[in-house]
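> Next come the chains, spelled out residue by residue.
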Amino acid sequence: MREKLIEIKNVSYSYYTDGEEEATASPALSDINLDIFKGEFVAVLGHNGSGKSTLAKLCNAIFEPSTGTVTVDGITSDSEENGDAIRRKVGMVFQNPDNQIVATIVEDDVAFGPENLGVDPAEIRRRVDSALKDVNMYDMRDREPHNLSGGQKQRVAIAGVIAMQTECIVLDEPTAMLDPMGRAEVMNTIKRMNKEMGITVILVTHFMEEAVQADRVIVMDSGRIIADDTPSNIFSDIEMLKAHSLSVPEPTELCLRLGIKETVLDTDSCVRAISSYLGGDMT
Amino acid sequence: MVSDITFGQYYHGNSVLHRADPRIKLILTFAMIIVIFLCKNFFSLGLLAAFIILVTLLSKVPVRMILKSIKPVLIILAFTAILNIFYTHGGRTYFEWWKIAVTEKGVNTAVFTIIRIIILVVMSSLLTYTTTPTMLTDGLERILSPLKIFHIKVSSLAMMMTLALRFIPTLIEEIERIMNAQKARGADLESGGLITRAKALVPIFIPLMVSAFRRAYELALAMTCRCYTDGNGRTRMKQMKLKITDYVMLILCIAITAGVIVLNIFFEKVI
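These protein sequence lines are chains A and B, in that order.
The first sequence begins at 150 in this note's numbering and counts up one residue at a time.
The second sequence begins at 97 in this note's numbering and counts up one residue at a time.
Here chain A stands alone, though its shape is the one from the complex:
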């Protein structure tokens, strides 16, 4: 049996402003049950306001649930101290790369997390060097962050989490502000981190092409989990996706419209499926 890393039980969460009663505020999440297992690559998919960002912030105890419990590796997020302990296990990367880099030099920024954990200086040096190599940014270690591209900044942010040696990394729409090149760089880094280093990845996104690359996809709408399955099962259910205002990856939709039975998720397999479909027709 796979080991559970994050256990979310009957969790509801509402944002409420001062003067507003908790009960009247519309909940961002209502009655969520979810288990994340060690070593998984989970994509959380949903349109704006579906509660996917809130779910991400519950995973590393930035938010405490209004009701229900979030347990990370046996620690429940119900106090400040536990929150700190959880954040040592679950790191987070945000959407805007500019607002999460604290230092004026790349390597100093990567060192920021381990420094906060009180790690020995020689060990920090070792971790920073290896984390920067993991994200292919070692050659730029003494650059100033404002001279980097968006994709490079986001990779520095990821290196900052790797250097903390967390078990899990939550990425909250990390590619939303990047150009296609930067997006590809970041996605490759994320996949490598999951496959080669065994870090559990929770990727919050609204790009179908990114969700397709995960092991497991969770679809959210209006604060509820609508579907939780493998990408091929999720993306073959076009009716469900459309009902929750999500688009279908183009290769998938094309093949489905052509009446090809197997579920196709990326361009390469789409090309193969169509050519064998056509080939089969001609003979």
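Honestly, the hints are just simulated from the structure, not real lab data.
Backbone N, C-alpha and C fix where the C-beta goes; we use that ideal spot for every residue, glycine too.
Where hints are given, some of them may not hold.
Unchecked claim - Dumping the calculated DSSO-like pairs for lysine-lysine here, alpha-carbon to alpha-carbon at most 30 Å:
| id | chain 1 | residue 1 | chain 2 | residue 2 |
| --- | --- | --- | --- | --- |
| 1 | B | K156 | B | K167 |
| 2 | B | K334 | A | K282 |
| 3 | A | K158 | A | K238 |
| 4 | B | K249 | A | K238 |
| 5 | A | K391 | A | K206 |
| 6 | A | K158 | A | K187 |
| 7 | B | K337 | A | K282 |
| 8 | B | K334 | A | K238 |
As the list claims (entries may be wrong) - With the C-beta cut set under 8 Å, the calculated list includes, among others, these residues of chain A facing chain B:
| id | residue |
| --- | --- |
| 9 | G267 |
| 10 | V268 |
| 11 | I273 |
On the provided structure of chain A, position chain B as indicated by the hints.
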């Protein structure tokens, strides 16, 4: 415009001075500024001037840059020179007309003060030319760290300074973006009198403030996620260790100070 911003006035280089420990540079700069004011005659001042020339050569900062640092104080120099020439009297009189008299003492004092101010300015700009603001902040944090016993949060202050430095280019980019956005909507930022132009800046600064606060909130969240608490129990990756060259510089400065004191005793006071 944005790409060529350098923090402070750091001059990229790899000289002995660039590589020196920022703590020792800070302390020695402050100490030598005090020594400038200990000088009482041209001999001790000359020794100090020779020292500064030596340090400038060691730093490999071009003379053009050094002159650039003196430029802003030219008015002050002229002003002190004039005041000293006309208001200090004593010794031989070179020139006299009505109530104005130029005397030996006046000229000496003026020249002395000018050299003194120039040494002062060159010395402090050498510090900023050869040390990045980050290094300065780090050095200052470590020098001030004994203040912890008075419950002064030195590491939090240093973190604030680092973040301020980090966000200067980000906010400048933001200003450019907002200015372009407002210009695209027909905002006129270049014409009109002082008051009209000041008023035109309001639609720039309000969005800038709003966005700065939003950034601050997000940054605080990101820092929490990276386990930043209040700077207690933090370790640092880059350790500062005094090298032989740092000790050599320290000894050189002590020797210069001793020389200044000796020359003060043996030669006649000018000021």
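> Now tell me, hint by hint, if it's right for this structure.
Consistency of the hints with the structure:
Using a Cα cut-off of 30 Å, the hinted pair K156 of chain B and K167 of chain B holds, with the two alpha carbons roughly 20 Å apart. For the hint pairing K334 of chain B with K282 of chain A, the CA-to-CA distance comes to about 19 Å; that is within 30 Å, so the pair holds. Note on K158 of chain A and K238 of chain A: the hinted pairing holds, with a Cα-Cα distance of about 19 Å set against a maximum of 30 Å. Simply put, K249 of chain B and K238 of chain A have alpha-carbon atoms about 28 Å apart, close enough for the 30 Å limit, and the pair holds.
A threshold of 30 Å between alpha carbons decides the hint, and for K391 of chain A with K206 of chain A the separation of about 27 Å falls inside it, so the pair holds. About 17 Å separates the Cα atoms of K158 of chain A and K187 of chain A, which keeps this hinted pair within 30 Å; it holds. For the suggested pair K337 of chain B and K282 of chain A, the alpha carbons sit about 27 Å apart, so the restraint of at most 30 Å is met. Under the criterion of a C-alpha separation no larger than 30 Å, the hint pairing K334 of chain B with K238 of chain A is consistent with the structure, at around 25 Å.
Interface hint status for G267 of chain A: upheld, as the beta-carbon distance to the closest one in chain B is roughly 5 Å, under 8 Å. The restraint placing V268 of chain A at the interface with chain B holds, with a minimum CB-CB distance near 6 Å, inside the 8 Å limit. Below 8 Å, beta-carbon pairs count as interface contacts, and I273 of chain A has one with chain B at about 4 Å; its hint therefore holds.
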